[in-house]
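Here the protein sequences line up with chains V and F, keeping their order. Position 181, counted from 1, in the first sequence is what our numbering calls 185; the numbers after and before it change by one each time, with no gaps. Position 251, counted from 1, in the second sequence is what our numbering calls 255; the numbers after and before it change by one each time, with no gaps.
Everything labelled a hint here was simulated from the structure, so no lab data went into it. There may be inaccurate statements among the hints.
As the list claims (entries may be wrong) - Calculated pairs, DSBU-like style, for lysine-lysine (alpha carbon to alpha carbon, straight line, at most 35 angstroms):
no., chain 1, residue 1, chain 2, residue 2
1, F, 228, V, 160
2, V, 228, F, 160
3, V, 328, V, 160
4, V, 187, F, 160
5, F, 187, V, 160
6, F, 25, F, 187
Protein chains: 2
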Amino acid sequence: MRATIIHAPGDIRVENAPEPKIVAPTDAVIRTVATCVCGSDLWSYRGINPVTEPQPIGHEYVGIVEEVGSDVSNVKPGQFVIGSFIASDNTCPVCRAGYHTSCRHRDFPNGCQAEYVRIPLADGTLVALPEPPAEELIPSLLTLSDVMGTGWYAAKAAEVRPGSTAVVVGDGAVGLCGVIAAKELGAERIIAMSRHAPRQTLALEFGATDVVTERGEEGVARVKELTNGIGADSVLECVGTQQSMHQALQSTRPGGTVGFVGMPHGVQIDGQELFFSHVGLRGGPAPVRAYLPDLIDRVLSGRINSGKVFDLTLPLDEAAEGYKAMDERRAIKALLRP
Amino acid sequence: MRATIIHAPGDIRVENAPEPKIVAPTDAVIRTVATCVCGSDLWSYRGINPVTEPQPIGHEYVGIVEEVGSDVSNVKPGQFVIGSFIASDNTCPVCRAGYHTSCRHRDFPNGCQAEYVRIPLADGTLVALPEPPAEELIPSLLTLSDVMGTGWYAAKAAEVRPGSTAVVVGDGAVGLCGVIAAKELGAERIIAMSRHAPRQTLALEFGATDVVTERGEEGVARVKELTNGIGADSVLECVGTQQSMHQALQSTRPGGTVGFVGMPHGVQIDGQELFFSHVGLRGGPAPVRAYLPDLIDRVLSGRINSGKVFDLTLPLDEAAEGYKAMDERRAIKALLRP
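Kindly produce the complete structure, drawing on both the sequences and the hints.
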């Protein structure tokens, strides 16, 4: 099969690789219908996360079940499935509390930018659609594997409630999905921090009511102006740098909450500053499995169209161009079709 | 009048001082019925917070209104009142959101370890009792000015819910009040971290179901043993050191929450560690004003007896001994009677 391999920072190749097999009786192997490049893949592409040897890459997928292990009963060959970027058993106490990405038996599907992929803990990880979806829904369904679920978690962690004001820091695909989530969860005012015209347009289409182009202290001041001088109820931090976290915390009103889903790189939070801010903080890898049934409904019913974050679609064999376009910010997010 | 002055670390004196006057039309002057020494006063007493010149000290009080400014209408001379350690207008958007200690006009009653004290923003800060309370309720009512309200906020910030498991880190007066709060908010299991027999006894009396004497990694391991291997739903951090914060975060299950009310001294939180923990975090100076009506009811009805945290009662003139006893951990908390 064809599979995407990262050899070194900046060096993405699509190569022939052996097809994955069932290893554990809880595994499934799926034939990938669509996959994509994640902002977090760029951490490796940019050499911020080390790449010491060639390795398969990609963790977002929708596909058709090809084969299941002997212990798998929730999905069967031929079904169209979506699964989380982290595999979970969906039964342990942590999963039952809704935090599947901290599942006590979690495992990591990897190499999903490929024609076939092995999914561990298939019963707990995959959700099957009642029937194969219309072609035009595939991009939106694919976002549920990570990016849309991550935006959703950002909004939930930031405690977005009906009538509230939300700020979204970061105009990447996750931030844009965060705008959708804030809107769906009832935020009345949604302030998107963005200085890129196409992303501003998409943010407004997704439900943003205001766009703030300033960053840092100026961005914070602008948010304060828009929020009665006190800051927003909820802030979705979708970047993961010290600067973006600082901006998020400063933009939140006392008693408000920051949901942070940008994987923190070198972020330190001063305890005393957080104390006197009265701001609540919750982050982490999004437990997208918890949201799949609800979000699938929202996609199938046409309520949300998160697939619009894909502004570049390429054949799998051109994965390298997808990385390059995202790295150079020519594309928001690249969808790959095997 | 007699007033407590801190001259330098370790140097507490009760001296003659001029009686406070109404300065702003929103002020009240009260005659103190009881006051006390706070764990946070010890930061100055121990020289951890600098003391550069002699200053009045103390911020907890109950008393009789002596005089009010021309704009004060909610309280009147002769009434028995309780107020927050931070003055607030109770009307700004931040107060309305329940975070009075970040009130946009907040002010600081100071020098409350004295016979009389000026309370700014009296209408927003003070709550009058319908009639003077029975003498034996005064200690518990006094705790509502700070320590009991702070324990309450710790439990609220940690999202203690009916049936949940709570851990309380810190066996000072705030931690012990945190046990009361966790119990009142319906926690089913309350684990008090304490290695001091009299405090353990009080924690158990207040509703703790388990006492853990180990600290650090061993303490965390013990909590995990008691919580199905995953940690507690809610952890109340009532100390404020790097070690106690680390212990609190490590003791919380993924998706659980730490409420931190120990003023952080030198605490740094690593963003990536917090991210992967899935633990939520909220702290700050407790908005005790928000809780006064409810907590007054609980004291007057005898539901809670938080005054038991005072294991030393002294005449105001012996304030220095109160500080010394608390500093040496001979006393949990010292009540001072003018």
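Cross-check of the supplied hints:
no.: 1; hint: F/228 <-> V/160; verdict: 26 angstroms, holds
no.: 2; hint: V/228 <-> F/160; verdict: 26 angstroms, holds
no.: 3; hint: V/328 <-> V/160; verdict: 32 angstroms, holds
no.: 4; hint: V/187 <-> F/160; verdict: 27 angstroms, holds
no.: 5; hint: F/187 <-> V/160; verdict: 27 angstroms, holds
no.: 6; hint: F/25 <-> F/187; verdict: 41 angstroms, violated
Checked against the numbered hints above, the structure violates only hint 6.
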